[in-house]
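A.B. asks: Sequence:
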Amino acid sequence: MISIRTAFAAVLFHTVLAAFASAQDVTLTSRDGSVEIAGTLLGYDGEFYRVDSDYGVLTVDGTGVLCAGPGCPDLAAFVANIAVSGAGTIANHLMPSLIEAFARHQGYSAQRLVVSDAEFSYVLNESDTGRTAARFTIRVTTSDEGFADLLSDEADIAMSLREVLPEEVTRGIEAGLGRLSSPAQNRVVALDALVPVVSTRNSVLEISPEELSQVFSGKISNWRELGGIDAPIVLHAPDQKSSILNVFLEKIVLPAGRHLSANVQRHRTNSDLVDAVARDPFAIGLSTLSGPGNARPLTLTGGCGFRSGAVPEALKSEDYPLTAPLFLYLKGRRLPAVGREFMRFTQSPAAQIAVLRAGFVDQGIARTPVRRQGERLANAIRNAGPEIGLTELKRLVAALDGSRRLSVTFRFDDGASTLDAQSRSNVILLARALETGTIGANELTFVGFSDGLGAAGANKRLSRQRAASVREAVLHEATTADLGRISLTVDGFGEAMPMACDDTEWGRQVNRRVEIWSR
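Quick note on numbering that gives the first Met the number 0: the sequence shown kicks off at 0 and runs consecutively.
Hints are computed from structural coordinates only; laboratory data are not their basis. Check each hint, because a few of them may be wrong.
Listed next, the in silico EDC-like pairs over lysine to aspartate or glutamate satisfying Cα-Cα at most 20 Å (straight line) [stated by the list, open to error]: (1) 250 / 143; (2) 330 / 504; (3) 250 / 51; (4) 240 / 51; (5) 240 / 125; (6) 330 / 116.
Simulated restraints on C-beta separations [to be verified]: (7) 69 / 475: 44 to 54 Å; (8) 169 / 55: 48 to 58 Å; (9) 396 / 431: 30 to 40 Å; (10) 74 / 33: 14 to 24 Å; (11) 78 / 356: 45 to 55 Å; (12) 229 / 347: 45 to 55 Å; (13) 471 / 268: 37 to 47 Å; (14) 169 / 117: 46 to 56 Å; (15) 482 / 331: 22 to 32 Å; (16) 169 / 478: 49 to 59 Å; (17) 434 / 91: 30 to 40 Å.
A virtual CB, placed ideally from N, CA and C, is assigned to each residue, including glycine.
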């Protein structure tokens with residue numbers, strides 16, 4: 000038998016539920032009265048209504064309709080609420096810098112409100128009226144949880160230190176959120192890098208990626224094997240949820256058929272890791288460029304003359320093999336106007352200053368004269384295979400003489416012709432520079448290079464084809480560029496200028512690239 004209390008509770012529940020449902024009901028009528036759409040209001044972004052109607056989910060421009068019904072929003076009091084979730088490195092350091100810079104740029108005052116260690120918000124108010132225009136709510140989670148929140152519609156923007164996974168792309172499509180891997184739905188907003196660090200009392204100055212793989216898999220366990228003193232190596236790494244650690248595993252350890260040693264000491268925060276390494280002259284750790292603390296980064300080197308420190312130019316060009324782009328991912332659905340303005344701002348020169356202030360590497364285009372490429376040219380001569388003759392090396396030097404290499408470089412996924420994530424972002428970056436005329440050059444040459452596998456002639460043709468495909472991708476994006484003022488040419492040199500040894504997959508991937516040279 001059902002009690003009176005239970006029955007009353009059930010009636011009350013259904014009454015409240017019905018009231019809630021009816022409160023969302025709206026009728027949108029065109030201003031001339033000829034069209035009427037009735038349904039349940041799913042959202043309003045300050046410009047557009049989203050309505051679940053008899054015709055499916057419709058997005059309707061609010062300027063062309065009148066809204067009637069209990070679900071209609073108060074247009075005068077509308078506040079854009081934007082939920083952001085993901086990697087703590089971005090949440091705690093980069094996003095505050097970007098939001099505060101955006102507020103200044105747009106003339107808002109920004110108030111930060113701390114909810115807990117895992118959540119805070121920024122309230123943006125119009126400086127002249129004091130009206131609240133937007134609220135950014137930031138959840139400090141992980142890259143994995145950021146994607147989970149995005150896919151479950153609990154976040155509008157996901158912050159990530161890794162690319163979206165294929166299964167996450169599939170789930171996004173199934174949920175009607177678009178294709179998250181599409182360039183339209185993600186942005187690289189800054190650059191960081193994974194760097195091996197040691198104590199300043201350690202005598203070792205450099206390490207090869209192969210040695211780094213052997214060290215963290217336990218195959219090399221004594222500093223003597225790296226040219227140091229006879230002492231055991233103590234390993235330190237981020238905890239298992241770290242996306243930075245996954246970058247290391249995917250690029251260095253797993254391709255060699257190895258696994259992370261069980262003797263690694265884990266740390267919840269990067270600062271804890273760096274402090275532990277700095278205190279121990281026998282320790283080595285995996286840190287980020289943005290937070291090396293008192294530890295000293297090791298230079299990455301290789302047997303083919305390859306040598307790369309984690310300096311800004313090397314990160315921008317992806318010449319440093321452990322570069323880690325910082326991503327923002329969006330659903331395939333319109334953000335409120337303030338949100339769209341913020342996303343545009345993240346690609347602006349003012350945002351690049353905010354990126355630098357937050358301790359990361361910006362995406363501003365740097366230019367390096369050919370005369371400062373001496374080490375690379377020496378490597379080209381030293382490592383040229385039997386099929387690369389002096390004539391081709393002379394042609395390379397002559398083609399680049401008097402030019403400057405731009406830091407915008409394009410690399411490819413797994414030897415395919417598909418650009419990697421940072422390179423897809425670079426397409427937009429270079430296209431916008433062409434549109435705004437900030438390149439400051441009369442000629443840009445897209446110069447293709449390949450790895451050394453296969454015949455030299457085929458590699459040369461392939462490198463030129465890839466350079467041409469990158470050029471076309473940039474032209475497709477640069478719709479408003481005045482191409483009468485700048486010449487865009489293509490060349491290819493195959494395996495003539497290797498940047499790493501071809502005996503590892505990461506080395507071959509570093510060598511497969513398209514560089515941009517200006518004059």
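A.B. asks: Using the C-beta atoms of residue 482 and residue 331, is the stated range 22 to 32 Å upheld?
C.D. replies: holds (31 Å)
A.B. asks: Given a hint of 30 to 40 Å, does the C-beta separation of residue 434 and residue 91 actually sit inside it?
C.D. replies: Given a distance of about 34 Å, which is inside 30 to 40 Å, the answer is holds.
A.B. asks: Between residue 240 and residue 51, does the CA-CA distance stay at or below 20 Å?
C.D. replies: Not OK: residue 240 and residue 51 at ~38 Å, beyond 20 Å, violated.
A.B. asks: Can the restraint linking residue 330 and residue 116 be considered satisfied, given a maximum Cα separation of 20 Å?
C.D. replies: violated (26 Å)
A.B. asks: So does residue 74 sit 14 to 24 Å from residue 33, Cβ to Cβ?
C.D. replies: holds (22 Å)
A.B. asks: Taking the beta carbons of residue 396 and residue 431, is their distance inside 30 to 40 Å?
C.D. replies: 31 Å Cβ-Cβ, so the 30 to 40 Å window holds.
A.B. asks: Starting from the range 45 to 55 Å, see whether the pair residue 78 and residue 356 falls in it by beta-carbon distance.
C.D. replies: At 28 Å between Cβs, range violated.
A.B. asks: Check the hint pairing residue 240 with residue 125 against an upper bound of 20 Å on the C-alpha distance.
C.D. replies: violated (39 Å)
A.B. asks: With the threshold set at 20 Å, check whether the alpha-carbon distance from residue 250 to residue 51 stays at or below it.
C.D. replies: violated (45 Å)
A.B. asks: Between residue 471 and residue 268, does the beta-carbon spacing fit 37 to 47 Å?
C.D. replies: holds (44 Å)
A.B. asks: Please check whether residue 169 and residue 478 have a Cβ separation lying inside 49 to 59 Å.
C.D. replies: The hint (49 to 59 Å, Cβ to Cβ) is violated, given that residue 169 and residue 478 are roughly 31 Å apart.
A.B. asks: Is the straight-line distance between the alpha-carbon of residue 250 and that of residue 143 20 Å or less?
C.D. replies: holds (19 Å)
In this structure, the hints that do not hold are numbers 2, 3, 4, 5, 6, 8, 11, 14 and 16, in rising order.
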